[in-house]
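A.B. asks: Single-letter residue listing:
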Amino acid sequence: MEDCLAKKMEITVSEAEKRTGRNAMNIQETYTAYLIETRAVESQSEGQCAPVDSLWRRYSEFELLRNYLSVTYPHIVVPPLPEKRADFVWHKLSADNMDPDFVERRRIGLENFLLRVASHPVLCQDKIFYAFLTQEAGWKEMVNETGFQLKADSRLKALNATFRVKNPDKRFTELKHYSDELQSVISHLLRVRARVADRLYGVYKVHGNYGRVFSEWSAIEKEMGDGLQSAGHHMDVYAASIDDILEEEEHYADQLKEYLFYAEALRAVCRKHELMQYDLEMAAQDLTSKKQQCEELATGTVRTFSLKGMTSKLFGQETPEQREAKIKVLEEQIQEGEEQLKSKNLEGRDFVKSAWADIERFKEQKNHDLKEALISYAVMQISMCKKGIQVWTNAKECFSKM
Amino acid sequence: DTSLAEVNSFSPSVPISPSSMINQYKFEDGPELRDLFITVDDPESHITAIETFITYRVVTKTTRGEFDSSEYEVRRRYQDFLWLKSKLEEAHPTLIIPPLPEKFIMKGMVERFSDEFIETRRKALHKFLNRIADHPTLTFNEDFKIFLTAQAWELSSHKKQGPGLLSRMGQTVRAVASSVRGAVKNRPEMFTEMNNYMETFSQKINLLDRIAHRIYKEERDYFNEMKEYGPIHTLWSASEEDIADSLKGIASCIDRCCKATEKRMAGLSEHLLPILHEYVLYSEILMAVLKRRDQIQGELDSKVDALANKKTEKDLFSEEIGKLEDKVERANNALKADWDRWKQNMQWDMRSSFTNVAENNLRYYEE
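Chains as they are written, first to last, in the UniProt record's numbering: chain A, 1 to 402; chain B, 1 to 367.
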């Protein structure tokens, strides 16, 4: 952790700006650009302020960065980006990507993403990441030159592996189940929370109607008038207070969302393991069948049915020279295969080891973050109740003076 | 015996719980001076060949001399209450007779004999009789006494006496006719003010009634969503180790919030909603009372006009006019006094209901 970038450099996503430009298909489009500011930390201890570097990036560039990191470090649980489109909205929130509240929450999410990468012991050392923060021009070309897209595993291949792998590491199987459960429970929670927020909004806002009617009623009352009027004012305050309360809750929802998306990153690591394991199993199987073929040719016994065997029976056996040639080829292939298997085994073990180390790191981070989020949620609820107590104490006083 | 039962106690010697009694009616001259205690409870359904109806038990305890006994128990149906109300209106046209619960509710499609409907009606009927008992004039009305004390057959035979349906219809026709004649022109300023007040009050109380119902509905919807919210956290805690306890803690807190919401809703439906509804009905009653006063004055005015046109038969007219003038004066005074009393009660009721709402909310947030 000592070496990680976050300690050496202050990183913020400080602004968001609407832009128009031409995209890859030369079509005019509107998008939002985000200003990334960086500043070296060391010189601050001398009381001097280091100069701030800044550059603009748009969401698609963040996506490119993350894809690059996921492919280049498949054993790492790569931090997720904030959502592309607004999801789990309750009625007051807009689902529009250009809505200022959405843009603001996304800005915070992008900053959080950069900080997470910068504080990761492995990812923070990546040159492409550093260039993302510091080099505006030519960064895209730089990323593409790494050729990372070629290394990416196809979706189909990964799916195939999931179904056919025979001996995955039990821990990864468990982890995959966990990430499925986490994803399902958090999305359910977020959905219900959005509905609860909607209903709560309704309760508070209807009280605002009291304010209006009390005020109109107080006009015809002599003794009750003052009490009604001031009570009405408190009802207005009560109704207005829900806006701030729910805005704060959105931050809590965003914290949960981050871990909803982290579940996907966890699953990606498990998939990579399955793919590697499947690859290994296929290579081992191939080797075994080649050895068997070799043995059959050498001893002349046919243990398994093969088309070649049948045809040679029907059309006559091959010459001893042909057989020798075949055996030689097979023996070469077998040797290659054994070397490959060895290195694949090594790769697999290394992968499991480093992946598991990062997963342990992730688990600790997750437990810490979620606990804090839950605590802050409880604190929010308490504060909401305190506000309610204050308003209704005032209202009660006004009512009792009616 | 101070061991008090819940709200729907059926034991004859124990009235409905004291807290709801105190909430429901104000003791005009202080509780010590009260000498008539009435409860309405124990709805029972009766099925005959022609119809099905509900009767309610009406229990009266009194120390008044004019009652032969100190305790009475009778059964009455909604029709009987309607009869009582119309007799009181007849006897005291410019007094504010308390409202009866409606015959049936159109919106909401509430089943006529659903438990909720019967209970709401029972509470309103209880209120109705107690408001009459509290009224300085109405409490001594003879029909009221008979209502409280007569056995079923006695009551039905008493009902058959007195002006029949036809004569009552005649009264109504005359009343409508005189109101058409523009009884408004000589109306004293005070009653014009009352009219204006009632128009605005009626508007506002209707709005408040709707707002309160809307709040109840929103709270209920909120409660329904919250019921699902807590268990999700418990479900999540099953896949976690480190944070399982925190999650379970949150789940149990959410469940407590649910219970608190239920209590808050109950508070609304027991206290605020019935009062607001009663005053919606009251505003209709008051408009009717003001109209009746206008009609009585209209009778006088038309006779005075007739006198101004016919110079003969002066003496005959004078006597009639004299009687009518007395009638108008009595009616006006009665209304004025009752109006003041009603306003005071209304203020007290509103104050206590809304204070109760505030207290319920405080309790909710504290829990």
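Please keep in mind that the hints were generated in silico from the structure rather than gathered at the bench. All figures in this text were calculated on a predicted structure; none of them were measured in a lab. Be a bit skeptical, because a hint or two may be false.
As the list claims (entries may be wrong) - Distance condition first, Cα-Cα at most 20 Å in a straight line; then the derived EDC-like pairs of lysine to aspartate or glutamate: (1) Lys185/B x Glu66/B; (2) Lys170/A x Glu181/A; (3) Lys363/A x Asp242/B; (4) Lys170/A x Asp305/B.
As the list claims (entries may be wrong) - If we take Cβ atoms under 8 Å as the criterion, some of the chain A residues that face chain B in the derived model are: (5) Leu156; (6) Leu159; (7) Val165; (8) Lys166; (9) His188; (10) Val206; (11) His207; (12) Glu216; (13) Cys385.
Using N, Cα and C, we set each Cβ at its ideal position, and we do this for glycine too.
A.B. asks: Indicate, hint by hint, whether the structure satisfies it.
C.D. replies: Verification of the supplied hints:
no.	hint	in the structure
1	Lys185/B x Glu66/B	violated (44 Å)
2	Lys170/A x Glu181/A	holds (17 Å)
3	Lys363/A x Asp242/B	holds (10 Å)
4	Lys170/A x Asp305/B	violated (106 Å)
5	Leu156	violated (30 Å)
6	Leu159	violated (24 Å)
7	Val165	violated (23 Å)
8	Lys166	violated (26 Å)
9	His188	holds (6 Å)
10	Val206	holds (5 Å)
11	His207	holds (7 Å)
12	Glu216	holds (6 Å)
13	Cys385	holds (4 Å)
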